[in-house]
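Work out the full structure, taking the sequences as your base and the hints as a guide.
Here's the letter readout for the chains.
2 protein chains.
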Amino acid sequence: MKSDLPHLMRARNLDALVIVGPDGFGPANAPFTYFIGDSHVTTGAVIVKRCGENATEAYLVHNPMEREEAAKTGLQLINKASYKLPEIIQQKNGDRLAADVELWRRVFSDIGIGGRVAFYGADYINTSFNFLNALMREGVCEVVTEQENDVISAARATKDADEAARIRETCRLTEAVIGATRDFLRSHRVANETLMRADGDPLTVADVKRFIRREAVGLGLDMHDCIFAIGRDAGIPHSSGTPNDPIMLGRTIVFDIFPRGPGGYHSDITRTWCLGYAPDHVQQAYELVLQAHDMAEAAFNTTDFTYTFNEAVCDLFEAHGHPTARQNYATTYGYMHGLGHGFGLAVHEPPSMSLKGLRPDEKFQPGTIVCNEPGLYYPDDPRGGWGVRVEDDYWCNLDGRFERLTEFDRALVVPM
Amino acid sequence: MKSDLPHLMRARNLDALVIVGPDGFGPANAPFTYFIGDSHVTTGAVIVKRCGENATEAYLVHNPMEREEAAKTGLQLINKASYKLPEIIQQKNGDRLAADVELWRRVFSDIGIGGRVAFYGADYINTSFNFLNALMREGVCEVVTEQENDVISAARATKDADEAARIRETCRLTEAVIGATRDFLRSHRVANETLMRADGDPLTVADVKRFIRREAVGLGLDMHDCIFAIGRDAGIPHSSGTPNDPIMLGRTIVFDIFPRGPGGYHSDITRTWCLGYAPDHVQQAYELVLQAHDMAEAAFNTTDFTYTFNEAVCDLFEAHGHPTARQNYATTYGYMHGLGHGFGLAVHEPPSMSLKGLRPDEKFQPGTIVCNEPGLYYPDDPRGGWGVRVEDDYWCNLDGRFERLTEFDRALVVPM
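Just so you know, the protein sequences line up as chains A and B, in that order. Residue 1 is where the first sequence starts when you use our numbering, and the numbers rise one by one after that. Residue 1 is where the second sequence starts when you use our numbering, and the numbers rise one by one after that.
A couple of the hints might just be wrong.
No copy is singled out in the list; a pair is fine if it fits within one copy or between any two copies.
Keeping only pairs whose Cα atoms sit at most 25 Å apart, straight-line, the calculated BS3-like set for lysine-lysine is [unchecked claim]:
id : residue 1 : residue 2
1  : Lys49     : Lys84
2  : Lys80     : Lys356
3  : Lys49     : Lys80
4  : Lys84     : Lys356
5  : Lys72     : Lys2
6  : Lys356    : Lys92
7  : Lys363    : Lys92
8  : Lys49     : Lys2
9  : Lys2      : Lys363
10 : Lys84     : Lys72
11 : Lys80     : Lys92
These are computed hints drawn from the structure, not numbers from a lab. In this text the structure is predicted, and so the values were computed from the model without any measurement.
This is the structure:
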């Protein structure tokens with residue numbers, strides 16, 4: 001969590017962190033959002049300076065037109081316009097990269113930053129590569145580019161009680177959307193096993209997604225996309241659904257929704273539904289997935305490596321004859337994804353419960369936020385393609401106890 | 001436009017382009033979206049290989065769970081799972097960066113890529129820096145990191161007729177949202193110069209933004225945020241508005257909306273409104289802004305440098321006693337932003353109409369998409385803070401003629 005930053009910086013001998021926030025990245029730049037929060041700062045950079053043993057000071061270099069949004073962040077403000085970039089560009093004979101480097105040299109000098117400075121945040125890989133090389137070449141600072149488990153990721157990997165409360169609130173709002181969507185589906189009449197709109201046309205995935213988006217937005221959630229996949233598409237874990245597919249009875253619907261809520265924090269919840277009735281083979285697979293889900297939830301702890309929870313689910317599925325990615329990494333049916341992943345300001349964050357060896361060995365720790373999402377997928381089943389997945393969210397609280405943040409019921413069949 | 005890629009690559013002696021598409025960036029990674037379009041591919045990489053004098057082949061390295069979304073792109077598919085990353089990680093003794101580099105070495109070898117390879121797309125600056133350095137160190141290819149006007153930006157800087165049609169459609173949908181918002185405001189009763197909700201509380205910026213979001217989403221637009229700023233906030237160009245501000249008569253409202261529409265292409269439109277009536281000084285400034293707007297629109301051509309259009313607007317505003325950023329780069333009132341900018345898959349793209357010397361000298365060209373957005377801002381006017389801006393969008397068609405894509409009326413006063 002953020003309070004870990006001073007000791008993480010000390011342990012890695014870093015004098016400062018720079019988190020870039022170039023224009024156009026918005027919430028996709030989670031490391032930057034981590035510092036600017038709910039404010040509408042669209043461009044800038046955060047600088048975290050280590051001061052003494054256990055303290056930091058944080059600055060925001062901001063665009064003058066965003067000075068009031070910048071002030072809402074509570075960070076110390078550095079107005080970029082005060083450095084008069086046009087004059088620097090002229091001094092550098094029109095070389096804009098050199099001018100950028102000079103601007104940073106002046107900013108660092110003004111707030112007393114030097115030594116080992118680590119860089120984070122999102123940008124275009126070509127220009128950021130040139131920028132970091134130029135900073136080194138010009139001796140502005142010692143440029144550090146951490147690889148795995150960098151300081152910002154390590155801090156973000158555990159969530160404090162405030163962050164957990166926001167994620168819990170996002171879960172609550174997301175469940176309201178899921179419930180409203182189920183009600184919406186049930187409100188339709190059925191003809192030839194197909195849900196019908198009032199205008200006499202079949203209800204489609206596109207119609208349902210439009211309803212979901214409007215509900216989400218109405219509750220203040222920010223949602224670029226979600227998965228609402230029926231039948232064969234439900235059998236492809238990351239198919240987001242085919243817009244023109246009609247909504248029919250007895251087909252599996254995988255509804256996976258991961259919107260941003262208060263403070264920019266996501267939820268990540270999946271329910272599988274069969275409208276009206278479920279075929280026996282689907283019902284059986286669903287019960288096995290629930291068994292895997294409950295088994296994992298009961299097993300969660302802070303001492304085992306996270307891959308062990310996934311291995312146990314592979315054991316269970318394989319014992320019931322389902323292929324897994326552990327047996328065949330490229331399998332396209334059975335169980336081919338990981339058991340879950342951390343999330344927060346991004347939908348996918350460490351820790352992950354993947355195959356042993358695929359990711360660095362990780363353990364849960366107090367503050368971990370993680371989802372639990374076993375599933376089984378048979379897109380090419382001759383009886384009709386299908387897939388089932390159930391996903392709930394958890395916080396490992398500061399006492400090391402796992403709290404489930406989601407409560408939505410897990411009934412497969414939605415009576416029509 | 002995309003058809004320029006072969007000759008751009010030849011002119012720069014590039015054998016291949018790699019556009020990375022790491023997880024979590026979505027539409028913020030416009031260079032990647034440029035190739036995957038409307039498909040829901042969330043992670044992968046595009047490779048463009050030059051074949052002979054005037055042809056390219058494009059590949060998508062994709063996650064197996066997204067194989068059907070990947071197929072919708074029309075690119076040649078390379079299933080990442082077929083490279084069995086877990087085995088490579090094991091061969092590299094758990095060094096994931098080395099394993100990544102080895103995976104790329106194998107992909108390049110399989111499709112016959114070597115020589116000068118340029119890299120693009122969004123990612124985290126620390127890990128992408130390490131990745132590009134490792135590719136070089138291991139001799140996988142000659143890594144090229146273009147700086148200004150890179151191949152992808154140069155291609156994207158001009159839009160073909162299909163892209164222009166999509167942007168025109170986004171403009172049409174956006175104008176429907178603007179019109180609905182004006183109707184929504186007008187539907188409220190007024191008490192003490194304040195718009196009142198049915199529940200007896202004042203209508204707020206947050207209420208209006210919720211309405212705007214729902215309208216946008218209902219029309220299939222994707223919108224993370226917009227500017228709806230009243231009074232003093234309207235006087236700060238990039239203030240997005242204060243949620244609790246009440247909507248009152250006679251205050252300037254700057255409504256700047258830039259959603260994503262069909263194919264991921266944005267519009268960018270601003271209207272300024274005063275509900276009921278406008279103070280004289282606001283009306284006068286607004287008319288001057290319209291004059292600047294019309295003057296710029298009439299002047300647009302493909303022979304002058306783009307900064308000249310902005311300089312002419314500075315001349316006009318200064319002649320009327322308004323300070324500009326040309327006189328004082330850090331001014332917080334008057335006219336302190338550029339006259340406009342290109343847009344497309346991102347809200348801000350080249351070319352820009354900025355101060356002379358601030359950006360590379362640019363000219364409009366057939367295919368340019370650009371907005372025209374002069375404004376005047378006085379957040380601390382003792383009569384009450386205010387700001388006005390009008391923004392329309394244009395396509396320089398393939399005959400070099402400028403077509404305005406926006407039609408929404410520019411009336412300042414909204415009768416209540």
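Hints versus structure:
no.: 1; hint: Lys49 to Lys84; verdict: within (24 Å within a copy, 42 Å between copies)
no.: 2; hint: Lys80 to Lys356; verdict: between (47 Å within a copy, 18 Å between copies)
no.: 3; hint: Lys49 to Lys80; verdict: within (18 Å within a copy, 40 Å between copies)
no.: 4; hint: Lys84 to Lys356; verdict: between (53 Å within a copy, 14 Å between copies)
no.: 5; hint: Lys72 to Lys2; verdict: within (18 Å within a copy, 41 Å between copies)
no.: 6; hint: Lys356 to Lys92; verdict: between (52 Å within a copy, 15 Å between copies)
no.: 7; hint: Lys363 to Lys92; verdict: between (50 Å within a copy, 23 Å between copies)
no.: 8; hint: Lys49 to Lys2; verdict: within (14 Å within a copy, 44 Å between copies)
no.: 9; hint: Lys2 to Lys363; verdict: within (19 Å within a copy, 46 Å between copies)
no.: 10; hint: Lys84 to Lys72; verdict: within (24 Å within a copy, 47 Å between copies)
no.: 11; hint: Lys80 to Lys92; verdict: within (18 Å within a copy, 44 Å between copies)
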